[in-house]
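**Q** Please work from the sequences and hints to get the whole structure.
Each chain, written out:
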Amino acid sequence: MSTDLTSSTVQETILVVEDEVLIRMVISEFLRGCGYKVIEAANSDEAIIVLQDPEITIDVVFSDIEMPGSMDGFALSKWIRANRADIEVILAGSIPRAVTAAAELCDEGPLPKPYEPQVVVDRIRRLIAARASRRKTS
Amino acid sequence: MLESALLLSDAVAARQRNDAMRSGPAYRPGFRFAIFQRYIALQNVKSQAEAAAIRYAIKSSAGTKPTDLCFIVRGTLGPSMGSAYPLDSVPLDGADNNSPTILAVEDDVFQRITVAEELRKQGYNVVEAANADEALSILQSGTRIHVVFTDIAMPGSLDGVGLARIVCSAFPSVQVILTSGHLAGTELDDRISGFFPKPYDVQKLVAHIKSHFDSRSTPSPSAVVKS
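Protein chains in written order, with numbering that gives the first Met the number 0: chain A, 0 to 137; chain B, 0 to 226.
To be clear, the hints were calculated from the coordinates, so they are not data collected in a lab. Warning: the hint list may mix true and false statements.
Unchecked claim - Far from chain B, by Cβ distances over 10 Å, these chain A residues were calculated:
{"hint": "1", "residue": "Arg-23"}
{"hint": "2", "residue": "Ala-40"}
{"hint": "3", "residue": "Asn-42"}
{"hint": "4", "residue": "Trp-78"}
{"hint": "5", "residue": "Ala-81"}
{"hint": "6", "residue": "Arg-130"}
Claimed, not checked - Computed list of lysine-lysine pairs in BS3-like fashion (alpha-carbon distance at most 30 Å, straight line):
{"hint": "7", "chain 1": "B", "residue 1": "Lys-120", "chain 2": "A", "residue 2": "Lys-77"}
{"hint": "8", "chain 1": "B", "residue 1": "Lys-203", "chain 2": "A", "residue 2": "Lys-135"}
{"hint": "9", "chain 1": "B", "residue 1": "Lys-197", "chain 2": "A", "residue 2": "Lys-36"}
{"hint": "10", "chain 1": "B", "residue 1": "Lys-209", "chain 2": "A", "residue 2": "Lys-36"}
All of these numbers come straight from a predicted model, not from anything done at the bench. The beta carbon of each residue, even a glycine, is placed where N, CA and C say it ideally should be.
**A** Structure follows, in structure tokens:
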């Protein structure tokens, strides 16, 4: 078993923000099956409550773009950029216009929906590895 | 059958890709089969899943948009599919397959996270819902649920008592446990198996659930509905 940057004894925590409960349940369960700790938020307001808690460490936010409530996925990622710049953001959405705009907000561009769970995991691994190497060099 | 087999083989391939990956946390078998797939002809999936006696729920409507989510749960594999992954026997999230699945329904995100985490630590499978409507979506999707643990006062079209009534009548094998910060004026159905006033001790909740399942050798499967 080889090790690399993504292998770690510390379990990374993913905050999944999705208002469609069946999608949230499935992707959360998949990510837990991949060994991540997953916190589920049903909308941006819940996500921000979680993100503001000093006792909860979040490594990656995986958020839907179109959500009801006071903030959609864009607004949430802007909030994260402004307040918690250490957290990686992955957006998932299906409206082409939204997807284009999301490209400006998250590093690798958004994941078009429907996404395959494996693609989500691959991207999370890449982001965490990239962040770890940034921290090493800085 | 072809379409169902295709869906299954995609899931199996995804799992093999996962197993083959040597970086990052190892994938543990246990993913309830859910396939995100574009442009599936829903009618094919329906008829073939039925022919293969696979329980399924499809989260999309035919002809309106690409399928967001095709969610196959609790399948019985037909002979032509071999016995590689009898869906119903796959444990979730590394937990023992005999572990009951608890649906935690709570609109306060902290309380929901806390109780869900604690129950997972105790070896239960936990599915989270932020309100009664989400809980019903989960139950109606055919996801195997043994216990519904729900708050009473919640926003949305139903509160916890309303949810409990529906669960007791439509899913009679599912155990319902209620919790609330105030009980004034609430008449509890005698089918409700427990009430925990807030703030509750999660350990006591765990003990309560445990005693229920200890008195029965194995959890009986919940009712499954096709959507």
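**Q** If a hint holds in the structure, say so; if it does not, say that too.
**A** The hints, checked one at a time:
For A:Arg-23, the non-interface assignment is contradicted: its Cβ lies about 8 Å from the closest Cβ of chain B, within the 10 Å cut-off. Its beta-carbon lying about 6 Å from the closest one in chain B, A:Ala-40 breaks the requirement of being farther than 10 Å from that chain. In this structure A:Asn-42 is not separated from chain B by more than 10 Å, as the shortest Cβ-Cβ distance comes to only about 8 Å. Separation of A:Trp-78 from chain B is adequate, the least Cβ-Cβ distance of about 16 Å exceeding the 10 Å criterion.
Every CB of chain B is more than 10 Å from the CB of A:Ala-81 (nearest about 21 Å), matching its label as outside the interface. No beta-carbon of chain B is positioned within 10 Å of the beta-carbon of A:Arg-130; the least distance is around 14 Å. A C-alpha spacing of about 34 Å is found between B:Lys-120 and A:Lys-77, which places the hinted pair above 30 Å, so the restraint is violated. For the given pair, B:Lys-203 sits about 45 Å from A:Lys-135 by alpha-carbon distance, which is inconsistent with the 30 Å threshold.
A distance of roughly 26 Å separates the Cα atoms of B:Lys-197 and A:Lys-36; the hinted pair therefore holds under the 30 Å criterion. Pair hint B:Lys-209 plus A:Lys-36 holds up; C-alpha atoms about 24 Å apart against a cutoff of 30 Å.
Hints 1, 2, 3, 7, 8 from the list above are not met by this structure, while the remaining hints are.
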